[in-house]
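Work the whole structure out from these sequences, hints included.
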Amino acid sequence: MGSRILTMKRQAAELGRLRTGYSRPNPDASKGPIPVKSKTFVLTSHSREYITAAADLYGGRPEKWTPQRSSVAQWRVITEAPELRAILPAGDVLNQSYEMWGGGGCERRCDGVTESLKRVPCVCFAKYGEDWHRRPPTQVCRPTSRIGVFLPDLPDLGVWRLETKSYYAADVLAGGLDTVLQATGGTGMLPVRMWIEQRTAVREGKTKQFQVVMLVPALPKLRHALSGPISTAAALDPSTLDRPAIEAARPDYAAEARLCTTVEAARDVWHRANRAGHVARDGSDPLSQELRQIADDIARGVDTTTGVVDDDQDDDELLDGPDDDGIVDVEVLDDEPPVADAAAEWPAVAQPGGGVR
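Sequence positions in the sequence shown follow our numbering and run -12 to 344.
Because the hints were derived from the structure by calculation, they are not lab data. Just to be clear, a hint being listed does not mean it is correct.
[Claimed, not checked] The calculated DSS-like cross-link candidates involving lysine-lysine, where the alpha carbons are at most 27 Å apart (straight line), are: (1) K105 x K152; (2) K195 x K152; (3) K193 x K24; (4) K152 x K193; (5) K18 x K51; (6) K26 x K114; (7) K152 x K51; (8) K195 x K114; (9) K193 x K26; (10) K26 x K195.
Rendered as structure tokens:
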């Protein structure tokens, strides 16, 4: 049996990134590229194969691209699809923190209370107060949300990392995911729909435009997302959740009864069918009638598999008809017969012989 290093996260390989913007060249060569907010997701990867497949699936044109502050070329496609279908892996897949990055990498990473790199109280709050997040990103940390998703219609097993630095997107992502995680416990995969939503807000007399990454369960009904984990098959094809279950094949009770050699055994077959809900309690349904006829045949010594009468059957096993001397056997009953369990009785109309006993 294999083993694992317990302190490792064992996360899936990262195949590429999902971005909400891109940059275009600046006409002024002395200045850096101009950032552009994208209305659709931008997929980037070191693999040309992945980006080509994404362009075929979501539209757009694959192109070579080199990220800022990097000398390694990658590939990207600005998709044309209004939304993406993805699958959230099991567990809590959202990582959020306030971060400040510089030329040397990440300089600060904070949960809003404690800056974790230097183990000091939140620097931004201490310096600017509770409204610090309204200051420009050159002065304060930015809320950074990262989440890895599977794109099931693209090649290979691995996640595509979505990263957004929107304050509003951080709030929306956390709220939606926490609701689902509370219901499922994070023990199963979840299909989701993702898109970029453009919003506006008025603050201090000024209209602010911003983006929000929307991520919602891609399920036929909300109750499916809140009623516990779903199967992997349902995560890949959520429409199966609303399809009626295929009814299990009903046992062939008549065939079983024909293999019986006594009326009691045939009666047991009827009781099993009754407990399974396949025959009516009063025995008025077609299957009960068929089982009654089989019991009749067994009582008369008929081989129910061939229809041939068994001439060797003892006379005292026959319930009707005279013997060779013309004498008819009569069943003698006690004056006060024992009361049988009603649930165990053969229904009157299904009694061998057909009459009500």
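Against the structure, the hints come out as follows:
no.	hint	verdict
1	K105 x K152	holds, 22 Å
2	K195 x K152	holds, 16 Å
3	K193 x K24	holds, 19 Å
4	K152 x K193	holds, 21 Å
5	K18 x K51	holds, 21 Å
6	K26 x K114	violated, 35 Å
7	K152 x K51	holds, 24 Å
8	K195 x K114	holds, 24 Å
9	K193 x K26	holds, 22 Å
10	K26 x K195	holds, 17 Å
Of the numbered hints stated above, the single one contradicted by the structure is hint 6.
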